[in-house]
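Going down the list, the protein sequences come from chains A and B. If you're matching positions, the first sequence starts at 1 in my numbering and goes up one per residue. If you're matching positions, the second sequence starts at 1 in my numbering and goes up one per residue.
If you're looking for bench data, these hints aren't it; they were derived computationally from the structure. It is possible that some hints are incorrect.
[Said to hold, decoys possible] Cut-off 25 Å, straight-line C-alpha distance, at most; resulting in silico cross-link-like pairs (DSS-like, lysine-lysine):
hint	chain 1	residue 1	chain 2	residue 2
1	B	Lys249	A	Lys84
2	B	Lys46	A	Lys299
3	B	Lys46	A	Lys126
4	A	Lys136	A	Lys126
5	A	Lys84	B	Lys82
[As the list claims (entries may be wrong)] Cβ pair distances, simulated, as ranges:
hint	chain 1	residue 1	chain 2	residue 2	range
6	B	Trp35	A	Ile220	26 to 34 Å
7	B	Met44	A	Phe183	51 to 59 Å
8	B	Phe250	A	Leu141	51 to 59 Å
9	A	Ala123	B	Leu58	18 to 26 Å
10	B	Thr281	A	Ser191	42 to 50 Å
11	B	Pro164	A	Leu170	37 to 45 Å
12	A	Leu245	B	Leu123	53 to 61 Å
13	A	Phe183	B	Val267	50 to 58 Å
14	A	Gln171	B	Met44	47 to 55 Å
15	B	Ala275	A	Ala178	50 to 58 Å
16	B	Thr281	A	Gly128	30 to 38 Å
17	B	Asn212	A	Ala284	28 to 36 Å
18	B	Ser165	A	Gly85	33 to 41 Å
19	A	Ala284	B	Leu58	22 to 30 Å
The structure displayed is predicted, hence computed values, not measured ones. Here a beta-carbon is modelled for each residue, glycine too, at the ideal position from N, C-alpha and C.
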Amino acid sequence: MAAPSGVHPCLSVVYKFNKLLRQKFCCARNVLCKALAVNPYRHVIGIGIQNSLTYRFNFLARALFGLIPLMAVIYVWRAIFESKGSGSSVGAYSYAEMVSYYLLTTVVDALTAVNEDDWQIAADIKDGNISQFLLKPIDYLWFRFCLFLSGRITYLSVAAIPVTIFILCLQRFFVLPADTTTFFCFLLSVSFTAMLQFFMSYTMAMLAFWVLEVSTFIFILFAFEYIASGHLFPLDILPDWIERLLYFTPFPYQLYFPISVYMGKTSGPELTKGLLIQFGWVVAMYFLARFAWNRGIRKYSAVGG
Amino acid sequence: MMNPKSEIQDPKSELPAFPSRSGFSRYFRIYAALWKNSVTRETMFKGNFLLWIVVEMLWFGLQLAFIGVLYLHTDNIGSWTKWQVVMLIGASHFIQQLFQAFFLVNCTNLSELVRTGKLDFLLLLPINTRFVVSLRQVDLGAFVNAASALAVMAYAAKQLNFIPSGWQVLAFLGLAVAGVAVHYSLMFLLATISFWTVRAQGIVWGYYNLFNIARMPDEAFRGVFRAVFTFVLPMLLVSNVPVRMLVNKFTPESAVLLVLMAVTCAVVSELGWRASIRRYTSASS
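Go ahead and model the full structure; you've got the sequences and the hints to work with.
See the structure below:
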């Protein structure tokens, strides 16, 4: 685009500069488009975030209401610690550590919990929505994983404010990790937890290929997760043999393990071993999810698809 | 919990045509028809019906396990001993399940009725709209769960060497009804928010979290938290007061307070419902 005639020479420079910019911009956009075509999953995350933003009010309500039982549990522990006298401990926990533990469960939960992904996957199968993924060059598992990630990102951005305020109110109990290595291991463990949570939910949702109503099964698994992953209480206040037994299941790695890393209760060779086992569960659950999908697809008859 | 049974609706098509009688006997007959509908619905999904009972039993067992673990490390919470708290959890479950049996599904469905505009049809029926909205479906499995809660309470009573008198049982049931009334009024009030924002289901499910507080011994709580959950959302009265009457911690004032709060909640909820229904502008029509 040339500068219109009769325009001040100064302005023509501006025009030229604009033109240049526009070319550069188009170039950048082309690159972006290509990248998106190569990697549609990035696009999925973007759309997922936009989609789940419409639920921000629900997310906020969930985060706020979720704090109430948390406060209740902390009050109950306070009553217990007070009746035992000052400086007392329950298992290996002082009162401050106990409060820290519950605050951390909230944080890890916000980072990793599966929200409604399992229901949606089950519904996709039931309604025949997965048919399109059998034709498109996009993998349903990773597609859902992207949506799960975007759901977590949105939830975090909404829940961050109430949860941060709550933690600040109780900040004298909130311990920071011992050093950066610990914190790094915690982050690694949390990301394993997120994957583990997702693959387990995904596998459960695959039941929709065989049964009409999966919600009961999901709730039954959730009940076990709730108690055995450390939602209700830290697992090391349980009798020793129960705790050891639980470590044969994936449940402790869904919540308790990353927190124990953060609080420095698991360190050294124990920590390495724990991370490896956690990663092992992630891989195992991934293959179980793949296996369930492949078996399910054989039975799938695209109802209404 | 999400209830798959809720997908089948429109029981009105099966309501017999009523002569223009009014009053109690008419409503009684309508309610009998709604019950019949619910029974039919449950028999369609027998396996699912049983599985939901298993789910509720598991969660109930989970609460008891939690208390079991707490009492591994302490002998009392406030003045509450282990079996007293077990009784409290049983009573709380009993009240919650009664509420669930009659009202829960209906409360959570309200936002769906508003969103889809199906409320139109209920508004047109020649009966009280709140009646039909609140009582359309009965969750029969919840009665089984309420019975299991009573069994746990009876076991706890045996551990405490406590045999209630007939009057105590009656008073307990009376206070439990007040507790159910509190749950229903508050949940219904929350559900009417869906007239303002369609995505109110989050709030309704959020209320589920409050049941957690009802099962905790009231003495653990203090300050603002205790005041709010006694005088605003009286969760700390709902099951604590009926149980206190059974375990010799009873004060008449607390019973009066529970009944007063139940009446207040009912009135506020009715006012809220009336204000909300005025805003209803239907959908899709």
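Evaluated hints:
{"no.": "1", "hint": "Lys249(B) x Lys84(A)", "verdict": "holds, 22 Å"}
{"no.": "2", "hint": "Lys46(B) x Lys299(A)", "verdict": "holds, 24 Å"}
{"no.": "3", "hint": "Lys46(B) x Lys126(A)", "verdict": "holds, 20 Å"}
{"no.": "4", "hint": "Lys136(A) x Lys126(A)", "verdict": "holds, 19 Å"}
{"no.": "5", "hint": "Lys84(A) x Lys82(B)", "verdict": "holds, 15 Å"}
{"no.": "6", "hint": "Trp35(B) x Ile220(A): 26 to 34 Å", "verdict": "holds, 28 Å"}
{"no.": "7", "hint": "Met44(B) x Phe183(A): 51 to 59 Å", "verdict": "holds, 53 Å"}
{"no.": "8", "hint": "Phe250(B) x Leu141(A): 51 to 59 Å", "verdict": "holds, 57 Å"}
{"no.": "9", "hint": "Ala123(A) x Leu58(B): 18 to 26 Å", "verdict": "holds, 24 Å"}
{"no.": "10", "hint": "Thr281(B) x Ser191(A): 42 to 50 Å", "verdict": "holds, 46 Å"}
{"no.": "11", "hint": "Pro164(B) x Leu170(A): 37 to 45 Å", "verdict": "holds, 41 Å"}
{"no.": "12", "hint": "Leu245(A) x Leu123(B): 53 to 61 Å", "verdict": "holds, 56 Å"}
{"no.": "13", "hint": "Phe183(A) x Val267(B): 50 to 58 Å", "verdict": "holds, 53 Å"}
{"no.": "14", "hint": "Gln171(A) x Met44(B): 47 to 55 Å", "verdict": "holds, 53 Å"}
{"no.": "15", "hint": "Ala275(B) x Ala178(A): 50 to 58 Å", "verdict": "holds, 55 Å"}
{"no.": "16", "hint": "Thr281(B) x Gly128(A): 30 to 38 Å", "verdict": "holds, 34 Å"}
{"no.": "17", "hint": "Asn212(B) x Ala284(A): 28 to 36 Å", "verdict": "holds, 33 Å"}
{"no.": "18", "hint": "Ser165(B) x Gly85(A): 33 to 41 Å", "verdict": "holds, 38 Å"}
{"no.": "19", "hint": "Ala284(A) x Leu58(B): 22 to 30 Å", "verdict": "holds, 25 Å"}
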